[in-house]
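*Asks:* Spelled out, the chains give:
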Amino acid sequence: MTIEFTVSGPHSVNLSEALAEISQGCTSQPFNAQALALLAELSHILLHDAEARQYADLMALGFALRGAEIERLRAGFESLCGLGRSLQPRGTVFQIAAGNVDTLFIHAWIFALLTGNCSIVRLPSKQSPQSDFLCTSLNQLLRDKPKLGRANHFIRYGHEREITAALSAACDVRTVWGGDATVNAVRSIPLGPYGKDLAFPDRYSLAALSSEAYLRADSATKDKLGRDFFNDVFWFDQMACSSPRLVIWCGGGKPSEQAAGQFFTALENEALRRGHAVEPSTKMRKFLYACEAAIQQPVTACIERQHTTVLPLAHLDNLRREHCGGGLFLQFQTPSLESIASHLTRQDQTLVHFGFDQPELDEFARSLNGRALDRIVPIGQALSFDRFWDGYDLLAEFTRSIAIR
Amino acid sequence: MTLEQLLHAPQYSLRQEHKERILLSHLNALTNLHRRQCPHYKRITDLLFPADDPRTLAGVPYLPAGIFKSHTLSSVPDSAVFRVLTSSGTTGQRVSRIILDKPTALLQTTALSRIMTHVLGGERLPMLIVDSQSVLKDKTQPSARAAAVLGMMNFGRNHCFVLDEALELQEEGLNRFLAQFAHAPFVVFGFTFLLWSSFCRRLENAGRDLSQGILVHGGGWKKLQDIAIGNVDFKRAFHSSMGLRRIYNFYGMAEQTGSIFLEGEDGCLYAPNFADVIVRDPVTWQETPIGTPGLLQVVSLLPHSYPGHSILTEDMGVVDSIDSGVGGRYGKAFRVLRRMPQAELRGCSDVQAAELAA
Chain A
1 MTIEFTVSGP
11 HSVNLSEALA
21 EISQGCTSQP
31 FNAQALALLA
41 ELSHILLHDA
51 EARQYADLMA
61 LGFALRGAEI
71 ERLRAGFESL
81 CGLGRSLQPR
91 GTVFQIAAGN
101 VDTLFIHAWI
111 FALLTGNCSI
121 VRLPSKQSPQ
131 SDFLCTSLNQ
141 LLRDKPKLGR
151 ANHFIRYGHE
161 REITAALSAA
171 CDVRTVWGGD
181 ATVNAVRSIP
191 LGPYGKDLAF
201 PDRYSLAALS
211 SEAYLRADSA
221 TKDKLGRDFF
231 NDVFWFDQMA
241 CSSPRLVIWC
251 GGGKPSEQAA
261 GQFFTALENE
271 ALRRGHAVEP
281 STKMRKFLYA
291 CEAAIQQPVT
301 ACIERQHTTV
311 LPLAHLDNLR
321 REHCGGGLFL
331 QFQTPSLESI
341 ASHLTRQDQT
351 LVHFGFDQPE
361 LDEFARSLNG
371 RALDRIVPIG
381 QALSFDRFWD
391 GYDLLAEFTR
401 SIAIR
Chain B
406 MTLEQLLHAP
416 QYSLRQEHKE
426 RILLSHLNAL
436 TNLHRRQCPH
446 YKRITDLLFP
456 ADDPRTLAGV
466 PYLPAGIFKS
476 HTLSSVPDSA
486 VFRVLTSSGT
496 TGQRVSRIIL
506 DKPTALLQTT
516 ALSRIMTHVL
526 GGERLPMLIV
536 DSQSVLKDKT
546 QPSARAAAVL
556 GMMNFGRNHC
566 FVLDEALELQ
576 EEGLNRFLAQ
586 FAHAPFVVFG
596 FTFLLWSSFC
606 RRLENAGRDL
616 SQGILVHGGG
626 WKKLQDIAIG
636 NVDFKRAFHS
646 SMGLRRIYNF
656 YGMAEQTGSI
666 FLEGEDGCLY
676 APNFADVIVR
686 DPVTWQETPI
696 GTPGLLQVVS
706 LLPHSYPGHS
716 ILTEDMGVVD
726 SIDSGVGGRY
736 GKAFRVLRRM
746 PQAELRGCSD
756 VQAAELAA
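Line order of the protein sequences matches chains A and B.
Going left to right, the first sequence walks through residues 1 to 405 as our numbering numbers them.
Going left to right, the second sequence walks through residues 406 to 763 as our numbering numbers them.
If we strip away everything but chain A, and leave its shape as in the complex, we get (with noise of 0.2 Å):
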């Protein structure tokens, strides 16, 4: 039973002697100016670096932790701080990466870090030359910042229950990222007295578009639409939660066909632009699905391109959320955003959204009294990782409120 460090100096260590290693980290200050310091290295080297620069998803990390967007997190941060409360460290968060989504794992991480918290991350079992190139960054930048890495532990392990037993005793939070049976099964395994569990557990999300605004738009918005539903679906192959699924058309019914023509084309001429590879496993699970949902859905055609498949449904009743990925969409058409409202269940996370104004989004979200949605963002964001994530904020999660009068 051996527990892998992949930073700080790879090794290997039995669970007593890593117990021992993570209990020697010690806390620090929000956005103190070190771990500020590691994220802006990082950042560099992930916009600089020619391997990294091959991978869109550690590209867009690397935007994601320049000093503006930090900046940012800060200016937020210290608006939650303030009359009469203080927020501090909680302590050592333990994070269970999720499967197989390569980078998320340092996303969560990097709100636990800038809060100032210890950090023991579970990498997943499966390695990824993404997941590679940043252990080996990280325990470069590390190995000068002494104090970070002895709080900051990224871990390889196998599938000794005792060892998640003792991390789990050992974490003031615990964060499960993955699937409901994963959720379930960490959630089975109890914390210490103090500790607090985030679960990140299966999601599904959409996209709802105006048909009159995207007929009205310009080719040069709707070549950028088609980039940008481009990442939000395939830079996880449509398989993170956060990847729309189900297209919504809002707007009457030769629009809405001719409006969807227009995008999934667009959305086909980016795929082919970007030379992306339609690996043959992909087509076939994306077939099977397609044949499959012709018996259980209320499916009305099947339209095919070569990266693409799109499903009209006839109603969204008992909408069935299990995904191939792969680039599948069922899709519906509907008079208005607000008749959908009642579809919707505690599953549906994100909404990417093209042509409704503030208003009208800001009454949707109403509608629903939380029973649904935790992000509505517009198209090309759905995979933008952000302190918001599944209703919690992440600064406020990993930090303890502190009353000071």
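In case anyone wonders, no lab produced these hints; they're calculated from the structure.
Worth double-checking, as some hints may not be accurate.
Unchecked claim - Keeping only pairs whose Cα atoms sit at most 20 Å apart, straight-line, the calculated SDA-like set for lysine to any residue is:
hint : chain 1 : residue 1 : chain 2 : residue 2
1    : B       : K447      : A       : Q297
2    : B       : K447      : A       : I303
3    : A       : K224      : A       : V377
4    : B       : K447      : A       : I295
Please arrange chain B on chain A, whose structure you already have, making use of the hints.
*Replies:* For chain B alone, kept in the frame of chain A given last:
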């Protein structure tokens, strides 16, 4: 030619072009039969294959093999169901459920017999089965493995199962069988991997003489590929360790039981008169030219009680030649290469739940 005539004509005798014309009209008739009888199939074909009767074999609608795992597709009333065949297959843990009525089950038996007599002759020979008798326990819902063993047993006599329940070789039984029958032709049947791991490897230096044997085996190469054993190595090992020379691999699946593709003298697989393969590009799914590997689609005229007459598999294969006539076999000569490559699944899924809960 009717299906009856196709079954009874000498197998592998049809030239490809002629064969495709005959198969096409039968397959179109089957498509229409299943569209009338199986509402699920009608929904799928209405949406995914809305064109009229195709005019080429490659245009015949096909189902993904996986659909038989998620749905039970039947073209007969419940009262006509004679047997439900189940198979775990190789993808995931869900099992395929294949609905058989009596006429389709009978067609499967007849078809298999027409294929096997081509290599075994008309007479029943003593049969060594490299499996455990315990595989046959459940008679009402046989597994595909059991169905294959039962199907093959029809072509032999004095059956002898040589593995115990733990799939260990029982040498005593083997020795008795060989003492009695090894001097004249006999059949050896089993699954490729079991034959390799529980039989060939065990008898490597045992000096047994099985030179009169005719070995028929199938069930896939995946486990052997993992240890880098191919058809040529397999044959060489059986020849050098026990003198077995006449070895026939077959390719088939539970979704088209009876309709197996048997190896010819040239090491290639051949389709019987009533079945065929189509190789498709793994990305575009367009039919590939001879010599270009792709996904295998299998068509068969046997499935009447369920819409399994045209199935896109997840196996990769290649057609080496057409109408070569080697060993009197015409039509497509093909090889199965491997499973379709599986992309890494990305996304926030549940791949590690089992690990953490363990």
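*Asks:* Decide, hint by hint, whether the structure agrees.
*Replies:* Evaluated hints:
1. This hinted pair checks out: K447/B and Q297/A have alpha carbons roughly 14 Å apart, not beyond 20 Å.
2. Our distance criterion of 20 Å between C-alpha atoms is met by K447/B and I303/A, whose separation comes to about 17 Å.
3. Between K224/A and V377/A the CA atoms are separated by roughly 16 Å; this keeps the pair inside 20 Å, and the hint holds.
4. The suggested pairing of K447/B with I295/A holds, with an alpha-carbon distance near 9 Å, which does not exceed 20 Å.
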